[in-house]
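Model the placement of chain B on the given structure of chain A, informed by the hints.
The lines below spell out each chain.
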Amino acid sequence: MDSLFTDHLLSLMIAMPFIGMVILAFLSDRKWVLTTTLVITLINTALAFFLWSQFDLTETGMQFVERHQWMPTFGIEYAVGVDGISLLLVLLTTFLPPLCVLGCWDSITTRLKAFMMLILLVEGAMLVVFTALDAFLFFMLWEVTMVPMYFMIVLWGGPNRVAAGLKYVLYSLTGSLLLLVGILGLSLQAGTFDIIQLADFSYSEKSEFWIFLALFLGFAIKLPMLPFHTWLPDAHSEAPTAGSVLLAGVLLKMGGYGLIRFCLPIFPEMAHSFAPAVLWLSVAGILYGGYMALAQEDLKRLVAYSSVSHMGFVTLGIFSFNNEGIEGAILQMMTHGLTTGAMFLIVGQLYDRTHSRNIADYGGLQQRMPRFVAILSLFAVASFGLPTTSNFIGEFLILVGVSYENFIFVVLAMGGIVLGAAYMLWMLQRVAFGQARTEAARQLTDLNFREMLTILPLAVAVVGIGVYPGPFLESMDASVTYVVERMAQH
Amino acid sequence: MEAFEKTMSIYTLIPFLPLAASLILTLFGEQLQGKGQRLVIPAIALSFLLSIIAFLEVIANGPINVQLYQFLNVGKLVVDMGFFLDQLTVLLLLLVTGVSTVVQVYASRYMVGDPRHSRFFALTAMFTAAMTLLVMSSNLMMTFIFWELMGLCSYLLISHYAERPSAARAATKVFLVNSVADAGLLVGVVLTFLTFGTLDIQEILVIAKSGADVSDLPITLLTLCLFCGAVGKSAQMPAHVWLPFAMEAPTPVSALIHAATMVNAGPFLLVRLSPVIVLSPTAMTVITIVGAMTALFAAVVSLTQTDIKRTLAYSTISQLGFMVMLCGVGAFVAAIFHLIAHGFFKAFLFLSTGNALTATHRHLEHEEETPALARNGLFVGALIMSIVPVLVFFSGSYRHLWLSQSSSTAEIALWIVGLATIFFTAMYLFKSVTTIFRRGPTGAKDSEPLVSPDLFSARHVIGVAVIAAIMIALLITVWRWFAGFLSPAVGGAQSQLASEFSVWILLPLLVAVAGWIVAYVRFRRPRLQQTSVLKKRLYVFFLNKGYFDDIYEVFLVRPTLKLADWTWRKIDQGIIDKVIISLGTISTALAHRLGYLDAAIDKGVMSVGTGSTAIAHRLGYLDAIVDNRVTSVGSVSIGLARWLGRFVDTEGISKTVDGLGRSVDASGHAARRYEPHTLQHNLLVVVLWLVAALGFFYWIGG
Chain A
1 MDSLFTDHLL SLMIAMPFIG MVILAFLSDR KWVLTTTLVI TLINTALAFF LWSQFDLTET
61 GMQFVERHQW MPTFGIEYAV GVDGISLLLV LLTTFLPPLC VLGCWDSITT RLKAFMMLIL
121 LVEGAMLVVF TALDAFLFFM LWEVTMVPMY FMIVLWGGPN RVAAGLKYVL YSLTGSLLLL
181 VGILGLSLQA GTFDIIQLAD FSYSEKSEFW IFLALFLGFA IKLPMLPFHT WLPDAHSEAP
241 TAGSVLLAGV LLKMGGYGLI RFCLPIFPEM AHSFAPAVLW LSVAGILYGG YMALAQEDLK
301 RLVAYSSVSH MGFVTLGIFS FNNEGIEGAI LQMMTHGLTT GAMFLIVGQL YDRTHSRNIA
361 DYGGLQQRMP RFVAILSLFA VASFGLPTTS NFIGEFLILV GVSYENFIFV VLAMGGIVLG
421 AAYMLWMLQR VAFGQARTEA ARQLTDLNFR EMLTILPLAV AVVGIGVYPG PFLESMDASV
481 TYVVERMAQH
Chain B
491 MEAFEKTMSI YTLIPFLPLA ASLILTLFGE QLQGKGQRLV IPAIALSFLL SIIAFLEVIA
551 NGPINVQLYQ FLNVGKLVVD MGFFLDQLTV LLLLLVTGVS TVVQVYASRY MVGDPRHSRF
611 FALTAMFTAA MTLLVMSSNL MMTFIFWELM GLCSYLLISH YAERPSAARA ATKVFLVNSV
671 ADAGLLVGVV LTFLTFGTLD IQEILVIAKS GADVSDLPIT LLTLCLFCGA VGKSAQMPAH
731 VWLPFAMEAP TPVSALIHAA TMVNAGPFLL VRLSPVIVLS PTAMTVITIV GAMTALFAAV
791 VSLTQTDIKR TLAYSTISQL GFMVMLCGVG AFVAAIFHLI AHGFFKAFLF LSTGNALTAT
851 HRHLEHEEET PALARNGLFV GALIMSIVPV LVFFSGSYRH LWLSQSSSTA EIALWIVGLA
911 TIFFTAMYLF KSVTTIFRRG PTGAKDSEPL VSPDLFSARH VIGVAVIAAI MIALLITVWR
971 WFAGFLSPAV GGAQSQLASE FSVWILLPLL VAVAGWIVAY VRFRRPRLQQ TSVLKKRLYV
1031 FFLNKGYFDD IYEVFLVRPT LKLADWTWRK IDQGIIDKVI ISLGTISTAL AHRLGYLDAA
1091 IDKGVMSVGT GSTAIAHRLG YLDAIVDNRV TSVGSVSIGL ARWLGRFVDT EGISKTVDGL
1151 GRSVDASGHA ARRYEPHTLQ HNLLVVVLWL VAALGFFYWI GG
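Those protein sequences? They're chains A and B, same order as listed.
Every letter in the first sequence is one number past the one before it in the working numbering, and letter 4, counting from 1, is 4.
Every letter in the second sequence is one number past the one before it in the working numbering, and letter 73, counting from 1, is 563.
Don't take each hint at face value.
Stated by the list, open to error - What the simulated footprint calls covered on chain A by chain B, stretch by stretch (three residues with Cβ under 8 Å from a Cβ of chain B suffice, anywhere in the stretch; the number is not a length):
| # | segment |
| --- | --- |
| 1 | 97–111 |
| 2 | 201–207 |
| 3 | 263–276 |
| 4 | 291–301 |
| 5 | 401–410 |
| 6 | 424–433 |
Stated by the list, open to error - The following label-pair restraints were derived from C-beta to C-beta distances:
| # | chain 1 | residue 1 | chain 2 | residue 2 | range |
| --- | --- | --- | --- | --- | --- |
| 7 | B | T502 | A | L166 | 56 to 64 Å |
| 8 | B | W1189 | A | L27 | 40 to 48 Å |
| 9 | A | L173 | B | V696 | 53 to 61 Å |
Unchecked claim - Far from chain A by the CB rule (all over 12 Å, computed), these chain B residues:
| # | residue |
| --- | --- |
| 10 | F545 |
| 11 | R599 |
| 12 | A1004 |
| 13 | I1007 |
| 14 | V1008 |
| 15 | A1054 |
| 16 | R1083 |
The hints are simulated quantities; they were obtained by calculation from the structure and are not laboratory data.
Using N, Cα and C, we set each Cβ at its ideal position, and we do this for glycine too.
Chain A on its own, in the form it takes in the complex (with noise of 0.2 Å):
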């Protein structure tokens, strides 16, 4: 690892998109537009697979890290480096992105350019959120994700676009509030900003309290939680399709990384006291997200209230604080990613036929669209975590690890996955078989060779690591046991 690109390769990977933005500039033919954003996050993505196969699976601490002086006035620096624990997520990061420039190929007709260039920002900026060591530069581009999905949303959104955007910034900026107070917070003790540093400063504890919740809640809003959950439908079912894959596949999961980052290894003792609220609450969450999403008479509504009850698995297993649940919550996010990230793709390919995403209007699919409903049921299986699909194996290991903490948690998150196979099923009953309930769903067509390369990938992700997990687990078990044994010292 001594090469000049193997050191410089994180910064790489992060200036990709930028350099991208700068680009496309330049350009104005739309199929140009397309390939070069394509041919920018492909790069990427070849990238993350490099950065993962030079990964040393023994070390427990931070790989590949850069350090620059930035403000040194106040200690902050351009520190970015990966562990276990972000490696997943920044190849989810990197993933996810030429697949959203193939699924909206045809689909975005108006201000291409700025799409594609939102499009790269969020990926570059969350690139540096899941590998900044700095808090302060951790700070700033969680901020700067939520403007491009804003736009994304208030721009190339559906009919209620404007209320949604709206919605999501309230939210986003609460919670981005919060963390800053709680950045702001730990640094003013600690007097670095230094994410490794921070962790091994001890608090007073009159203040340990209030910036765990500060942090907590500001990373549960993103998540989200329970009963912060209402900007996730909205926004989710008004962006466009890239914009929903973006935030269900990626966004959300800067809340749970948070967590692990910052709440578990910086206030051992504090998570422990929440630990009983959180995985009440987390237990809540999944059963409260299957049930509306059982309710839903709008596809993309549905898809996001699952993705409420996914998220209840993720803080249930991040709050077992053992090797089994957080592995398997680490797992249960990229998974999520992928699987939910799908569900939209689908969604949006067929909202593209017929701009209606009401379950009622469809029906008996599978008579016109046989490839189509072949994808859409392992997606939906999938979903609710049908064994030899990757959710299964995030789901399980979150049982197995909370099953330490208190038996009764497993049994009500299987209620969780009995309502998501009811949800899922039913909603594939109305859409894929019977007859076809409206004229458009009679002339639908099949998807084309370039839909089919856009889930395809997906597909094989989902089912490649619901068959061979190992790999993928093996890549963050050092830097998870290390999280779980600081957390078991206390």
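Chain B alone, transformed into the frame defined by chain A:
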């Protein structure tokens, strides 16, 4: 266990051949449309051959262990992907691959011209592969994975005729009933891991057999949870409702589900984990009761059904109840024996039903003769079906039941249930077999007798009696060998399993014959006679399958959906979202209030302003005086300037300035083209500034 350790083995191909065939068909289904069977049949037939080889090797050398790869290694949880082939496994492999081969061959004719031909064969191959993987897996987590995979295959196969709304509904229903039960199974798997600290089946069995101090409560709980999964897959009460719905699938699939794959998973799991199950007498009692209830209830229901396929479905449920009951009393070997016998004969029954239905149907169209082979086939199958439970009694395993229960009332109850089941089984099989040839397919019951089967001719009766005798003799011989072969693979006290004759043989045999006679009498005489009200009510009750479906629909499904809708509208939209929005409105209202305050402040400021103006006016006078002074100074200055102007080249300076202005203007126009006027330009500027700022701060820092 003295198992062979292998890292790679030819037996790995048993599940992977069908799996590969399935994958190829999935990927290239469109190109291979209509030719799926050419790929699938050889693959499964080869698996069958390999199963025979495995069977012989296990007879010769004992269990085989195959390790493939490490699936998971997280914290305390280590899961290996591997196969374990012992006596139990190879027997089931023979059943699964054997029946599956036959079914595929049958299906290759049955499915000709089906628009979803490739899909069908891909899924049935996958179905077979999942079942073989299930019986071969060496780890409970893997077992669960393949358990669920099988559920998925059944779901997709039941929705084969997806354009029928009834098929779509049936598929959803089947999967949901199963997923509730599987949730219980998954809880059981997690509990097993907590209790035993491992999910490796052999390790679990070793711990269970060693009688280590595993406390009683979790064992009972985990056994019941695991049994919950078996209740689902094996269609025990109250989850039995799914099996009749699975009939929406094409007939070969029904044969697969009933004979080879899906439903056999339940008894298999119970037998596989029998050393754990015997640790909990409470759980054993529950298993026995559920099995017995199912066996009896389903037998009576199938007596009242008018649809031959539905009759067969309830007969399967009844037989499965029998197997589960045998597991509950600790007669695991007998359960597996019954399972295998039932598997082969049910496959036979289904396929001949399919033949018979097609044949009768064809007869209606083309006035052809019903093939005697199909007719007789069904009859022989039915005969053997009703003999099998008798045989199980008779083979001594039911004596085991006699011995294992300490309470005498339980004994008697089980005996009665068992005998009643045999009675009804004999009755409904006789009835359904005879009616199908009397009345033709369902729906055409008022038509004239199409074929008059000479079922009661002397020739026929003698033939059947001879076949039955041979079968019984064969089965006794097989059973003797079977009990000895399988007993190392199952738990519990198997030493009591004697296979000698006893007086008790006669009782079940007599009961079966009585069933036949009653059925015959009822069959000869038309049905609607004067019957008591109670009898009629009972008939209606069982005709409606005990109202289980309706109860679930009315009390479970509809309220859940309604409540979900209500919660979404009232709680999510009505309370949580409204609170947030009202926070917004309150803020706005507050802002309005603040607006008044603002206005007041404004007024104050304004009045200060007017005051100031007044003062300023006063000051104005002072100003005027100052002004005068300034003006006079000004005129002096102007004079001075004019004077200067005469000496300095004003024009030259003016020209230079003008030129400068022009060039600035020109560059401004030039710059204007690059000015950000769209969102992407703005974004670009932001990025450039970001880069510049980074550089700047870096430079300062350095």
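Can you take a look at whether the segment 97–111 of chain A is actually covered by chain B? Rule is 3+ residues, C-beta closer than 8 Å. violated (count 1)
Per the stated criterion, does the least C-beta distance between B:R599 and chain A lie above 12 Å, as a non-interface residue requires? 24 Å, holds
In terms of Cβ atoms, is chain A entirely out of 12 Å range of B:A1004? 44 Å, holds
Cβ separation check - B:V1008 to all of chain A, threshold 12 Å: Holds, since 42 Å exceeds 12 Å.
Verdict on chain B covering the segment 401–410 of chain A, where coverage means 3 or more residues with a C-beta closer than 8 Å: holds (count 5)
8 Å C-beta test of the segment 263–276 of chain A against chain B, three or more residues: Our answer is that it is violated, as 0 residues pass the Cβ test (under 8 Å) against chain B, missing three.
Assessment of proposed distance window 56 to 64 Å (beta carbons of B:T502, A:L166): 58 Å, holds
Beyond 12 Å from every Cβ of chain A: is that where the Cβ of B:I1007 lies? About 46 Å separates B:I1007 from the closest Cβ of chain A, which puts it past 12 Å; holds.
Is 53 to 61 Å a correct range for the gap between the Cβ atoms of A:L173 and B:V696? For B:V696 against A:L173, whose Cβ atoms are near 59 Å apart, the range 53 to 61 Å holds.
Cβ-Cβ distance between B:W1189 and A:L27: within 40 to 48 Å? Check failed, 31 Å falls outside 40 to 48 Å.
If you look at each residue in the segment 291–301 of chain A, do at least three have a Cβ nearer than 8 Å to any Cβ of chain B? holds (count 5)
In terms of Cβ atoms, is chain A entirely out of 12 Å range of B:A1054? At roughly 4 Å from the nearest Cβ of chain A, B:A1054 sits no farther out than 12 Å, so the non-interface label is violated.
Violated hints, in rising order: 1, 2, 3, 8, 15; the structure is consistent with all others.
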